[in-house]
Amino acid sequence: MRGERGEPITITVSRDGNEPFDVEIIRDYINIRSVKSEIVDDVGYLRITSFNQQTESGLINAIEDIQSQANTKLLGYVLDIRSNPGGLLTQAVKVTDIFLERGEIVSTRGRDKKDIKRYRAKKTDRTNGKPLVVIIDGGSASASEIVAGALKDHRRAIILGTQSFGKGSVQTIIPFQVLESDRLTGIRLTTARYYTPSGESIQGKGIAPDIIIEQGEFESYDFKTFSEADLKLSLIHI
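Under our numbering, think of the first position of the sequence shown as 37, with each following residue one higher.
Derived by calculation from the structure, the hints in this document are not laboratory data. Take these hints with a grain of salt, some might be off.
Across the chosen pairs, the derived CB separations fall in these ranges [as the list claims (entries may be wrong)]:
| no. | residue 1 | residue 2 | range |
| --- | --- | --- | --- |
| 1 | E100 | E43 | 23 to 29 Å |
| 2 | V76 | Q213 | 53 to 59 Å |
| 3 | D101 | D58 | 39 to 45 Å |
| 4 | K241 | S119 | 17 to 23 Å |
| 5 | R38 | D58 | 42 to 48 Å |
| 6 | T48 | S93 | 19 to 25 Å |
| 7 | G165 | Q90 | 23 to 29 Å |
Think about it this way: if two alpha-carbon atoms lie no more than 30 Å apart in a straight line, the pair counts; the simulated DSS-like pairs of lysine-lysine are [said to hold, decoys possible]:
| no. | residue 1 | residue 2 |
| --- | --- | --- |
| 8 | K72 | K150 |
| 9 | K150 | K109 |
| 10 | K153 | K109 |
| 11 | K109 | K241 |
Glycine residues also receive a C-beta, built at the ideal position from the N, C-alpha and C atoms.
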């Protein structure tokens, strides 16, 4: 399917119970919006699908839009990172910093103590301390787990959903040259792991939700009622 931008390509679509049919599409650059938002019953809903270079700025803009529309009626926020496979570590740190005033966000630790690197919150809470609910599932991994783990450990958010994936390893590509050859190659090694502020490793464990809700139960809920009720619940815990 590769080709020049603007050129047409014909693909054949096959579906159960239907005859295959052709569709002509035009090749183009696809800019993926990593952040989507809306207001539901005075609750700000924020959806992050991945952590790329635009995620922090997209989230800040979404929060500002919600605040300008809701004014003083805003009850709080729902941050939905279900099925978010992760992305850039730097963006995970910056996104978490949007909701925290201070404290550690995540640390990476290798074999030696000197290999520990800590990332901390540096900015102000852009949501002004409003109640926050974070939704995760088995598809939430890596950067998503860093966000959920930090907000949970700092008691900044109530975590809802199911256990996250558990991808918390730092991998490094080490290059080397093949003997008696000019060919360069490399090997990818796990050199460190991600740890939440409380010192728990994410690798192989994931983040456990405060309230377990299966995917089917999410689909059966009236989202408006669901969001408002759990935001009020977070007021009790935070």
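Hints, one by one, checked against the model:
| no. | hint | in the structure |
| --- | --- | --- |
| 1 | E100 <-> E43: 23 to 29 Å | violated, 39 Å |
| 2 | V76 <-> Q213: 53 to 59 Å | holds, 57 Å |
| 3 | D101 <-> D58: 39 to 45 Å | holds, 40 Å |
| 4 | K241 <-> S119: 17 to 23 Å | holds, 19 Å |
| 5 | R38 <-> D58: 42 to 48 Å | violated, 19 Å |
| 6 | T48 <-> S93: 19 to 25 Å | violated, 39 Å |
| 7 | G165 <-> Q90: 23 to 29 Å | holds, 26 Å |
| 8 | K72 <-> K150 | violated, 39 Å |
| 9 | K150 <-> K109 | violated, 48 Å |
| 10 | K153 <-> K109 | violated, 40 Å |
| 11 | K109 <-> K241 | violated, 38 Å |
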